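Visitor: Model the placement of chain B on the given structure of chain A, informed by the hints.
Chains as they are written, first to last, in the numbering used here: chain A, 686 to 1360; chain B, 534 to 638.
Hints are computed from structural coordinates only; laboratory data are not their basis.
Keep in mind it's a predicted model, so treat the numbers as computed, not measured.
By construction, the Cβ of each residue, glycine as well, lies at the ideal position given by its N, Cα and C atoms.
Relax, there's no trap hidden among the hints.
DEER-style ranges, computed between Cβ atoms:
| id | chain 1 | residue 1 | chain 2 | residue 2 | range |
| --- | --- | --- | --- | --- | --- |
| 1 | B | 635 | A | 1317 | 30 to 38 Å |
| 2 | A | 1341 | B | 539 | 26 to 34 Å |
| 3 | A | 1341 | B | 536 | 28 to 36 Å |
| 4 | A | 1353 | B | 536 | 21 to 29 Å |
| 5 | A | 1356 | B | 541 | 19 to 27 Å |
| 6 | A | 1334 | B | 536 | 43 to 51 Å |
| 7 | A | 1356 | B | 608 | 36 to 44 Å |
| 8 | B | 608 | A | 1317 | 47 to 55 Å |
| 9 | B | 609 | A | 1317 | 44 to 52 Å |
| 10 | B | 611 | A | 1313 | 48 to 56 Å |
With a cut-off of at most 20 Å between alpha-carbon atoms, the simulated EDC-like pairs for lysine to aspartate or glutamate come out as follows:
| id | chain 1 | residue 1 | chain 2 | residue 2 |
| --- | --- | --- | --- | --- |
| 11 | B | 637 | A | 1335 |
| 12 | B | 626 | A | 1335 |
| 13 | A | 855 | A | 831 |
| 14 | A | 855 | A | 1258 |
| 15 | A | 856 | A | 1007 |
| 16 | A | 1229 | A | 1241 |
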Amino acid sequence: MSLSVQLLWLIPALPLLAAGIGALTPRRGRGLAAGAAIGAMGIAFLLSCGALTTALAHPAAHAAHNFAWFDLGLGALRLGWLLDPLTAFMCVMVTFVGLLIFIFSVGYMHEDANFTRFFCFLSLFAAAMLGLLVANSLLLLFICWELVGLASYLLIGFWFHKPAAAAAAKKAFITTRIGDLGLLLGMLWLYDSTGSLLFYDGGAGVLEPNALGSLVAQTTVGGLAVSTAIGLLIFCGAIGKSGQFPLHVWLPDAMEGPTPVSALIHAATMVAAGVFLIARVYPLMAVDQLLAAPPLHALTVVATIGAITALMGALIGVAQSDIKRILAFSTVSQLGYMMLALGVGSWVAAIFHLLTHAFFKALLFLGAGSVIHAAHHEQDIRQLGGLRGPMRTTFATFAIGTMALTGVPFLFSGFWSKEGILHAAHEWDVSHLPFYAGLAAVVLTAFYMTRLVAETFYGSARSDSASHAHENPSVMTLPLVILAVCAIALGFLGTPVWPWLQARLLGQEEVHGHSLLEGGGLMILSIFLVALGLGVGWAIYGRKLRVSAAAPDPLETALPPVFATLRAKFGFDELYAATVGRLNNAIAVVADLLDRYVWDGAIRFLAVLGEFVGVVSRETDGDALNGGFNATSESLRDGGKAYSRAQTGEAHGYLRVIAIGFVLLVLAVMLGGGR
Amino acid sequence: MNLDPLHLCLIFSSALFCIGLIGTLARSNTILVLLGIELMLNAANLNFIAFWRYGPSPVPATGVLFVLFSIAVAAAEAAVGLALVIAIYRHQKNVRLQEANHLKG
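Next up, chain A with everything else stripped away, as it sits in the complex (with noise of 0.2 Å):
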């Protein structure tokens, strides 16, 4: 079976289709609206499969589908579809997981008023990040990049009635929109400079080699190359997306939405949407690599962010409390990984990784999703724990994904792709800081990872509603354990003796592969590294398990003040209430003011001065017009009166009339002198 590049379309039509159907079920149709999402999934899964086998038959094509979507002065604006192995395995990719995860959200949301909403809105987005994934033209993407925004506005904001939710929405909704006015300014000087917005299109694409030479050699302020700048407002947009620092705070904020939401969208593809639009116009970054001299690589931004975000997102991580920001900081962490792979020049590495993530943390946000399901929607770790014996399925699929996450040795995918990530940085010769901080993450991570299981885990339950939890129905069980196999096999699709997934991501046919030998001592390290993490948690948390809920946190007592600035995620939010907030607030009452003041009073004036002139309209109209009209009127009436009254009947009269007349026109006829 295989899917030609005309009918890549039909993949994110058919989740739209289910969207559609979903939006005109009504409250009760809970089997329509739910069967028409994950049918539409799952044949959009099979059609990805199609996809990739014809991409797979030649990886170095970009094969592209490009059609006019209207005209526009003397050109016209193209839009196309776009099919290569990195559409091919992303498209693989989400409609799977979004598959587990819709199914699994059948048993989560079995309660909720609104699920027919709930699948119509899941399937809006995955047609959004569909959409997203197949385009061939800068401008599709950014249509499908902002639907994904709304998709994800309307779900972290599905409790609505929950104010955290609301306020959780419109953070999301606003930082995004802070980085995508980024990217829609990058796009618009890309159409500047190139005219098309295509990025494959038979040698005239913004990828390709004529317009990539054109944007290269053109410098702009700061003596950067064209190619340079757009690169960095388009990363802007995916330093949004993405969550990377410094707009990362919208993401924790985002697990006020359904588990399901966070598992799909703010950990498995949309927060992946960021690092899939740099690997897309990675020839864009990386051009400015061949000038001799520049101010500034591109990519040496990006490696930087992702650096920074991979520490900082792992160092939060430490010391929350809630099991899904916990997830969530783990995701920012990861999702700076996959940036500073991009950045370090390895984008196969950061695809990779991004695949792999996508599954063992929808498994992690699922488990997560399964044991507060049971708990009766208790997040807080302290209150959880002794999970382990009622919830053993959730227990040992989500021991795996988080042994997937921090990369424990041989088995586990994660280990793969991060040992890949850490390689490309390493051999990064701009700088080596970027692999520390990776070095340090890889730590924290194990570190964290370890400290959540313990402390939701094992133990006793240290909550009413923790004692109370026990395993939920297959339904939401089944994904977990395919989620589960998955986050051990993909690894064994990129591994060094057999970088399968590599090659074809570059193109090649043939793969590669070195015994693990070469590079061992980075292994080794990275391994002692891990060890060190889990070893470190499992000895403050594990070995002195938590008794009480209310119990300080064993670093708490340790290290206060570090462990409140970690708490507090470095205080970004207080940060930008401080900062932006307050600035935003200040122009707020500036236009409240001028609004109610300066606009206001200009109306009130405008209104009294209509007034004014309605008065004497009125005044005008009572008076001059119909008084004139009435004396008019009284005296036409006055005439006709005057005339009926010669109007007599007598004809003798009429007659005596008209013998007078004649007789004064005889005598007038005479006197004039007879002519």
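Guide: Same frame as chain A, but now just chain B:
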């Protein structure tokens, strides 16, 4: 006083006209009023004949033709007038012109 035939004719037709006019204005019987009108018409016809006969260039038959037309029209008019008189009589059981002063009846 030396009068040529034209003037004699004109004086005669004027007298005829005045008699008709007086008859029209002074009589209350509608039939007599109609008679007066016919007299005035005949005065006018007489003038046509006189001016044709004694005028500067008597073209054959023009005056007579005018008068013939005029008499024919007058005959039609008299028929209409007499029909009206009959209608008035049916309505008010007499033919007094002073009483026929309403359009509505």
